[in-house]
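Participant: Following the hints, position chain B against chain A.
Chains A and B, in that order, give the protein sequences. Taking our numbering, I'd label the letters of the first sequence as residues 2 to 197. Taking our numbering, I'd label the letters of the second sequence as residues 2 to 197.
Treat the hints as calculated values from the structure; they're not laboratory data. It cannot be assumed that every hint is accurate.
Same chains, same label: a pair holds when it works inside one copy or across any pair of copies.
[Said to hold, decoys possible] Derived pair list, reagent style DSBU-like, types lysine-lysine, alpha-carbon separation capped at 30 Å:
| no. | residue 1 | residue 2 |
| --- | --- | --- |
| 1 | K175 | K96 |
| 2 | K102 | K180 |
| 3 | K68 | K50 |
| 4 | K68 | K57 |
| 5 | K96 | K48 |
| 6 | K96 | K180 |
| 7 | K175 | K102 |
Protein chains: 2
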Amino acid sequence: MSFSNMRVHEFLSALASPTPTPGGGTAAAIAGAMGTALLLMVAGLEKTKSNTDDEKAALMAAAGGLKPLRARLMSLADDDASAFDAVMAAYRLPKASDEEKAARTRAIQAALRGATEIPLETLRACAHALEHARVVADCGNRSAESDVGVAFGLLRAAANGAAANVRSNLGGLKDEAFKAATEAETARLLEPAALR
Amino acid sequence: MSFSNMRVHEFLSALASPTPTPGGGTAAAIAGAMGTALLLMVAGLEKTKSNTDDEKAALMAAAGGLKPLRARLMSLADDDASAFDAVMAAYRLPKASDEEKAARTRAIQAALRGATEIPLETLRACAHALEHARVVADCGNRSAESDVGVAFGLLRAAANGAAANVRSNLGGLKDEAFKAATEAETARLLEPAALR
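So that you can see chain A by itself, here it is in the shape it has in the complex (with noise of 0.2 Å):
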């Protein structure tokens, strides 16, 4: 079942049960999206902040921008349990013979991988929510202040709590090549998400 089609309630008590998905992966990718979508509240204000006809246009690009981010987050708190599923699944697998041995070595750093692509793909979409972020905190009405910085607050936190996950599968992977460039885009990604 996809977590937005869950009860809210029924999702917080997923996070909170002893399984191990959904986890933080899964949160990170919400709390970007419910960022997002406050960005999208302000930015859909009919009053900017000095209602000049360039910051509605500049607001209504960053709208645009933002609707798919909200949707890519949504689908990426699915597919974030799913590619940790296949890590576990792929740690069960038998190991009897040199073959198996060899199969299963295979498998998880297969699914590593996808464990690390998710996360790395939510930091992305978090990065560019901040892009448009600074959009709206620039044009956007004054009396919605307060919601920008929660949707600042979140998008950090979804983006730091992401690269805590890329971070945490990378540990485990051996293609040294990708483990080197996919840091160096985590830490460049993370730069601005440090910012304000």
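Facilitator: Coordinates of chain B only, in the frame set by chain A:
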């Protein structure tokens, strides 16, 4: 309708719609509930950091404190929207006569006070959850380290978001003693949230 009974996608659509509620205060409370739920997951894992009885007892105590906080934050999400709706209803009261003006001013002050107290309660609940989070970080299973990291990030974002809402509504209040006491408590509660 309680947000807790909404489907996750319905809640996100409500957040994104250009109506004033639900807004940042509700999103902060839900983010706090998500962080609390993640801590409950880690506290409920069979394995602890070094599998000692002391750790198990500490995590059980933390879970005992976190469970009511999660429920409290979920209900504060609803209360925040009601409190903000009450402020807007007060602003819409008639102001033709001096009597009406005085009644409207009193109603606005009462509603703003309510809309300050609700996010202050959210901030208090997040500050308590962050105290338990330190126990979960110290005693919880190391394999769930990134989940605890996401929980810290969400609770900090929720605490800061709630504080932004406290301060935003405090600005319109005239009771200087209440304003000073509330600002002092807000700053004090944010101190540990700013850390770690």
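Participant: Would you mind marking each hint as holding or not holding in the structure?
Facilitator: Verification of the hints:
1. In this assembly of identical chains, the alpha carbons of K175 and K96 lie at most 30 Å apart only when taken from the same copy (19 Å versus 71 Å across copies).
2. For the identical chains of this complex, K102 and K180 are intra-copy neighbours only, at 23 Å inside a copy versus 66 Å across copies, given an alpha-carbon limit of 30 Å.
3. Taking CA atoms no more than 30 Å apart as the test, K68 paired with K50 passes inside one copy only; the shortest distance there is 21 Å, against 41 Å between copies.
4. Taking the closest pair of Cα atoms, K68 and K57 come within 30 Å of each other only inside a single copy of the chain (16 Å); across copies the shortest separation is 44 Å, beyond that limit.
5. When the C-alpha separation of K96 and K48 is checked against a cutoff of 30 Å, the pair qualifies only between copies, where the shortest distance is 24 Å, while the shortest distance within a copy is 63 Å.
6. Taking CA atoms no more than 30 Å apart as the test, K96 paired with K180 passes inside one copy only; the shortest distance there is 26 Å, against 65 Å between copies.
7. Taking the shortest Cα distances, K175 and K102 sit within 30 Å of each other inside one copy (16 Å), while across copies they are farther apart (72 Å).
No hint from the list above goes unmet by this structure.
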